[in-house]
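> Sequential numbering of the sequence shown, starting at 1, is according to my numbering.
If you are wondering where the hints come from, they were derived from the structure by calculation, not from laboratory data. There could be a bad hint or two in this list.
Taking CB as the label site, the calculated pair distances span [stated by the list, open to error]:
1. L34 <-> D64: 43 to 49 Å
2. F70 <-> E38: 58 to 64 Å
3. L34 <-> N59: 35 to 41 Å
4. E56 <-> A11: 35 to 41 Å
5. L34 <-> V60: 35 to 41 Å
6. F61 <-> Q29: 38 to 44 Å
7. P50 <-> Q74: 32 to 38 Å
8. A58 <-> K91: 57 to 63 Å
9. A66 <-> T42: 53 to 59 Å
10. Q74 <-> E49: 47 to 53 Å
11. S31 <-> E56: 34 to 40 Å
12. V48 <-> D6: 48 to 54 Å
None of these values were measured; they are calculated from a predicted model. For every residue, glycine included, the Cβ atom is placed at its ideal position computed from N, Cα and C.
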Amino acid sequence: MNADFDVRYTAQLARLHLSAEEVARFQAQLSQVLEHVEKLKTVDVSGVEPTAHSNEVANVFRADEARPGFAAAQALANAPRQANGLFIVPKVID
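Required output: the full structure, derived from the provided sequences and hints.
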């Protein structure tokens with residue numbers, strides 16, 4: 001593939017207007033990225049288990065416990081508009 005075409009095409013998709021200098025700079029950067037990807041293809045990963053994360057991910061949230069909440073009157077106390085025990089909000093979907 002032509003790096004010039006790739007850079008210009010990608011810029012067009014992103015609706016970016018690049019100068020000739022920017023296209024040349026991004027061509028060099030794109031070539032470096034593609035060379036790095038080619039190097040990565042040579043690494044033997046046959047014994048590596050596929051993972052979603054390289055590090056162990058643990059839930060750091062507290063346990064879900066029921067706690068007392070506001071009474072309806074307290075929740076509605078500062079509502080700018082309310083009716084029948086409900087918040088009245090502006091319509092956002094037609």
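> Each of the hints needs a verdict: does it hold here or not?
So, going through the hints one by one against the coordinates:
no. : hint                    : in the structure
1   : L34 <-> D64: 43 to 49 Å : holds (47 Å)
2   : F70 <-> E38: 58 to 64 Å : holds (60 Å)
3   : L34 <-> N59: 35 to 41 Å : holds (38 Å)
4   : E56 <-> A11: 35 to 41 Å : holds (39 Å)
5   : L34 <-> V60: 35 to 41 Å : holds (38 Å)
6   : F61 <-> Q29: 38 to 44 Å : holds (39 Å)
7   : P50 <-> Q74: 32 to 38 Å : violated (50 Å)
8   : A58 <-> K91: 57 to 63 Å : violated (42 Å)
9   : A66 <-> T42: 53 to 59 Å : holds (55 Å)
10  : Q74 <-> E49: 47 to 53 Å : holds (52 Å)
11  : S31 <-> E56: 34 to 40 Å : holds (36 Å)
12  : V48 <-> D6: 48 to 54 Å  : violated (30 Å)
The structure does not agree with the numbered hints 7, 8 and 12 stated previously, though it agrees with the rest.
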